[in-house]
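With chain A held as given, fit chain B onto it using these hints.
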Amino acid sequence: QKEVEQNSGPLSVPEGAIASLNCTYSDRGSQSFFWYRQYSGKSPELIMSIYSNGDKEDGRFTAQLNKASQYVSLLIRDSQPSDSATYLCAVTAPSNDYKLSFGAGTTVTVRA
Amino acid sequence: DAGVTQSPTHLIKTRGQHVTLRCSPISGHKSVSWYQQVLGQGPQFIFQYYEKEERGRGNFPDRFSARQFPNYSSELNVNALLLGDSALYLCASSRQANTEAFFGQGTRLTVV
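Protein sequence lines, in the order shown, are assigned to chains A and B. Under our numbering, the residue at position 60 of the first sequence is numbered 510, and the numbers go up by one with no gaps. Under our numbering, the residue at position 111 of the second sequence is numbered 700, and the numbers go up by one with no gaps.
Bound conformation, chain A alone (with noise of 0.2 angstroms):
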């Protein structure tokens, strides 16, 4: 099994649309989330992190965590052209000496 698991991609949403990820992760102990977004040839650019069960937003991004289900999402509403990336999912776990396990990425293309 995966430490962690993104839905497979790609995902192609319309502009101004709701584009959902979804992301699973197999440690239990895992205590904190990350968002990465990953433009074509770019490094990594962190977005969002999420500690605590629930929602935490910033601007149009949001992050839900459900730690009962060892579930992470980011939800981009109004979608813009812009946000066409790939967005990586991290976690750390103290089993893992805090190391980043990433997915697999899922690529969002947003339709003008």
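Since the hints were derived computationally from the structure, they do not count as laboratory data. Among the clues, some could well be false.
[Stated by the list, open to error] Derived pair list, reagent style DSS-like, types lysine-lysine, alpha-carbon separation capped at 27 angstroms:
(1) B:Lys619 <-> A:Lys492
(2) A:Lys452 <-> A:Lys506
(3) B:Lys602 <-> A:Lys492
Structure of chain B alone, referenced to chain A:
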């Protein structure tokens, strides 16, 4: 403030050669981690250093080594390069070992 800086940005090496990649963390950050990312996958953890001590090592062969200097900058060394070592090498810095990590622009290594 300057972000994480990596050098060089691109590198072409021949099989069997040695390579040294360099990373300067964000000012005030004491933890540096190295990741390898191949096309279509999420970054894979190689090493983490905190306060100049190795805090974690991923599943990479002994050909990979790293160190952190008193100014918290870091080097990743790879000996006896193989074609499969071709990848984007990412450095991430964080204030402590288990806090938000920010990536540099990466070093694109091509082994021919």
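Status of the hints after comparison with the structure:
With a C-alpha separation of about 24 angstroms, the suggested pair lysine 619 of chain B and lysine 492 of chain A falls inside the 27 angstroms cut-off, and the hint holds. For the hint linking lysine 452 of chain A to lysine 506 of chain A, the alpha-carbon distance of about 26 angstroms falls within 27 angstroms, and the restraint holds. Distance hint between lysine 602 of chain B and lysine 492 of chain A is fulfilled; the C-alpha atoms sit about 21 angstroms from each other, no more than 27 angstroms.
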